Amino acid sequence: VATHQHRVFGVALRMLGSAAEAEEAAQEAFLRAHRSLPEFRGEAKLSTWLYAIVSRLCLNRLAMGDRRAVRHGEEILLRVADPHGGPDTGAERGEMEAALHRAIAELDEDRRVVVILRDLEGLSYEEIASALGIELGTVRSRLHRARKDLKGKMERFLP
Amino acid sequence: MTCSETRDLLSAWLDQALDDHEREQVEAHLGDCPECRRELEGLRSTVSLLSRVEPCSGSRGIRGPGDGQGQSRAVVPEARKAGLSAPLRQLPLEAGGHGR
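Quick note, the sequences are listed as chains R and P, same order. Just so you know, we're using the numbering used here here: the first sequence kicks off at 1 and counts up by one. Just so you know, we're using the numbering used here here: the second sequence kicks off at 1 and counts up by one.
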């Protein structure tokens, strides 16, 4: 469960851009999961089920539009860019990671959630479609557009 | 298949998420089109960058008090009402026995 906590928090942080809001969303996700546990039939992995709950919570929060103002991405950068921070971490890698985190944070939320679940969390297209309640083709097109957006923003770091 | 149609399928091709017919069409086009191959390499490099992203560090708010990080600072109002001021680690989620 500890592993899931960090991953669920990570998804929320990348979606919401604020640690305080991510903590609230993660907490709420686990409470909902706990309440709904009798309905969980084990057809999906527990992790996928939790991703589904937290992703939808985050999208709902973003859609409500009454969130505390967050300068999107900045707090994420403080928390996740250069996580080891040791002397072996080159400046160039740090710069690349910061740019990447910023680029992810700037994606439209519908694309951002798909790229987070696929490329950062490793869910399959089918799992993402099920988690978000969208068609497989929609997963495919949103993921492609997200990667194209990221490619455009990360051009100078690409070979 | 046109360049535009092919490019829309390149991400799914990288993820091996195309059906056989689509895959064959994309591969036939890639064989003849250096520009789409360049586009593919750009996408491949982008996905490779993403694969290097480190997981987010843990939240103070969902760690337990025994790990030296102090009490949770984020408890949803509903949880508060229910007297659930404990951090997530203390919720009995393990009891379900579900897992990977």
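Don't read these hints as lab results, they were simulated from the structure. Any given hint might turn out to be false.
For each label pair, taking beta carbons as the anchor points, the in silico distance ranges come out as [said to hold, decoys possible]:
#1 R37(P) with K45(R): 13 to 23 Å
#2 D15(P) with E39(R): 26 to 36 Å
#3 H21(P) with E92(R): 40 to 50 Å
#4 P38(R) with D32(P): 53 to 63 Å
#5 R56(R) with D20(P): 32 to 42 Å
In silico SDA-like cross-links for lysine to any residue, where the CA-CA straight-line distance does not exceed 20 Å [said to hold, decoys possible]:
#6 K148(R) with R7(P)
#7 K148(R) with D20(P)
#8 K148(R) with S48(P)
#9 K151(R) with P34(P)
#10 K151(R) with L40(P)
#11 K153(R) with G42(P)
One-sided and incomplete, this derived list gives chain R residues near chain P with beta-carbon spacing under 7 Å [said to hold, decoys possible]:
#12 D119
#13 L120
#14 G122
#15 R156
These numbers come from a predicted model, not from an experiment. All residues carry an ideal CB built from backbone N, CA and C; glycine is no exception.
Next item on the list: Given the range 53 to 63 Å, decide if the beta-carbon distance of P38(R) to D32(P) lies inside it.
Entry: 56 Å, holds
Next item on the list: For the pair supplied as a hint, K148(R) and R7(P), confirm whether the alpha-carbon distance does not exceed 20 Å.
Entry: The given pair, whose Cα atoms are some 10 Å apart, holds under the 20 Å limit.
Item checked: Pair hint K148(R) and D20(P), alpha-carbon separation not exceeding 20 Å -> At roughly 24 Å apart (the allowed maximum being 20 Å), D20(P) and K148(R) break the hint.
Margin query: Against the range 32 to 42 Å, how does the distance between the Cβ atoms of R56(R) and D20(P) compare: consistent or not?
Written below: Hint holds: Cβ distance 33 Å, inside 32 to 42 Å.
Next item on the list: Sort out whether S48(P) lies within 20 Å of K148(R), counting only the CA atoms.
Entry: 13 Å, holds
Checklist line | Per-residue hint verdict: L120(R), partner chain P, C-beta under 7 Å | finding: 6 Å, holds
Notebook entry, point to check: Lying within 13 to 23 Å: is that true of the beta-carbon distance R37(P) to K45(R)?
Noted result: 36 Å, violated
Notebook entry, point to check: Does the alpha-carbon distance linking K151(R) and L40(P) stay inside the 20 Å limit?
Noted result: With Cα atoms ~11 Å apart, K151(R) and L40(P) stay inside 20 Å; holds.
Next item on the list: Decide if the proposed pair is consistent with the structure: K151(R) and P34(P), CA atoms, cutoff 20 Å inclusive.
Entry: The hint holds at about 18 Å.
Check: Can the hint on D119(R) be confirmed by a CB-to-CB distance to chain P that is less than 7 Å?
Finding: 4 Å, holds
Next item on the list: Double-check R156(R) for me: the hint is only fine if its C-beta lies closer than 7 Å to a C-beta in chain P.
Entry: Violated: closest Cβ of chain P sits about 12 Å from R156(R), beyond 7 Å.
Notebook entry, point to check: Are D15(P) and E39(R) spaced within 26 to 36 Å by their CB atoms?
Noted result: 30 Å, holds
In this structure, the earlier hints numbered 1, 7, 14, 15 are contradicted, and the remaining ones agree with it.
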